[in-house]
Amino acid sequence: MKRISISIVSVAMVLIIFFPVFVIFEWAFSTIWYGTSLFPTQLGFRSFIQVIQAGLGKSLILSFTIAPLVVLFSALISIPAAYIIGTKDIKSKKLIENLFLIPLIVPPIVSGIGILSIYTQLGLIGNYMAIVLVHMIGATPYMFRSVEASFESIDPSIEEAARVLGATRLRTILRIYLPLVTPGLLSGSVFAFSWSLNEFLLTLLLGLPNIVTLPVFLYRYVGGYYISPGPASAISVFLIVPSLFIVYLMEKYIKSEYVAGAGIKG
Amino acid sequence: MSTILIQNLKKYYGKVLASSIEELEIKDGEFFTLLGPSGCGKTTTLRMLAGLIPPDEGRILIDGKDITNFPPEKRNLTMVFQNFALFPHMNVFDNVAFGLRMRHMPEREIQIRVKEMLKMLRIEELSDRRIEQISGGQQQRVGVARAIAPHPSVVLFDEPLSNLDAKLREEVRYELKELQKKVNITAVYVTHDQAEAMTLSDRIAIMQSGIIIQIGNPKEVYFTPVNAFVASFVGGTNFIEGEIEKEISQDRVLFRSIDGLLIEARKGMVNNYDSKVLLVRPEAVELKKSNENGIKGTIESKLYLGGSLEYRIRIGKNSTLKTFASSVNDVGDVNSNVTVFIKDAVVIKS
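Chains as they are written, first to last, in my numbering: chain A, 1 to 266; chain B, 1 to 350.
Same shape as in the complex, but just chain A (with noise of 0.2 angstroms):
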């Protein structure tokens, strides 16, 4: 009984995030196809050539140099709060932990339109480094949460063991903290990466007309009254290829106990 639930979950899993991606791929690849039947008529590149004239390659640039910075500035900022509230016994613990969450809890569009005023008024819409800015308020939470679980889990004493034997603060930091807090660094990065990749309805309300990011670009051909899934489908393609492709090297070098933030063990 217990084995057959637990088979038709599985199968379920799979249909649901399987069967959408699949999809795409064929929307995708595709020249001709009317979407009636189970496969595309005619394969081919149709999508991707129109995609590529109408500027793909300048939004895979943006989205790809905006991602990075947003991991790098998030971690920046993450991991001196992680490394503090991690590690030493402060009041309000808990608060703080839950002011870091209030950016996931607020809706997009509520911050989004505050911030399109102050952003009009400071003559920030379309800069490239406002945009960097405001991915990370998505994303640092996620990279806090999961820094801060790993610094959590270092036994106080090997801090102490370290500053005994001659290491400074900081050299304590970059020396034990650092390389024992990886694992959580790097999962925390994935979701501020996957994070910043698919951020849209900021991005849309605060970066036209220069940012346009991959998912900005993609609405073109799905918004208002038409929808074109083939070149939708080829722009989702540059979305999902480095997600998967990501989830596999995470499997292969990273154990599932980091992915969860548990951080170290022993």
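Since the hints were derived computationally from the structure, they do not count as laboratory data. Even glycine gets a Cβ: it sits at the ideal position worked out from N, Cα and C.
Here are a few chain B residues that face chain A, going by a calculated C-beta distance under 8 angstroms: (1) T78; (2) F87; (3) P88; (4) P150.
Chain A is already provided as a structure; the job is to place chain B on it using the hints.
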């Protein structure tokens, strides 16, 4: 190798006085132990020495230099931890080398020094092992090697053996004793285990509720404890209530128990005003079967402990004595009469 001087050192946790030491000097090359039950302030004192917690009052001087406000890394002392606290992402070699690298020792000398340390602790074959691949006893040896490798002025030990099982504990204790003979280190050792304190220390300070109540070498502390707490903390005890009948000489007295028995004893460190009790260590009691000229007693209980027998002898209405005898030296069964000789007794504060 340095002298430590502690002056009026105090630490409060909230309003509770966790540790208060008026004056304490630990000599160069001395193995000094803070012994006491959990919560007596011994670990707090050690952590203040290490610089891991700041004292509320007082000073700590090492070789005359005031280090009270120095961060831990500037104190040139190292520490062995109860839970080993080895760096999990480094192998054995790198753990031991850590303190040397922090002191910017040339890599060639590090190689030599670390090998020497690993050899001294008989773990040279573990050099390339990861920490999780070695046993608890081996881990603590790495912890000791790591602490001694930089030749610090003082090595602090925070209950280093209490996370090991009984057999390993004895083994590593022996290792520490050997090591102490080989390298002449100034060591401050914290433990609640009197056997560890006795075997390892030059001097022992016994702490209770944040203050030191007696300092002395293991023999002094064992044979002439200041009060009943110290007496029972460092060994087995028999307490006989009563009063000093008269002084025989400067340091010997005649003690009259409440049952009227007269026992000759050392005077110990009692004042006239103290309430007194007579301490008789179990091993200072000798039992004889024959009807000789001594204290008459009756065997009240007898327990076989394998190699030895534990007797409880009633010597009066209000007093019994516990003692051990080799199990080949059985003096009789329960209710039989024996003669009791008290080889050594001391009057202490109750």
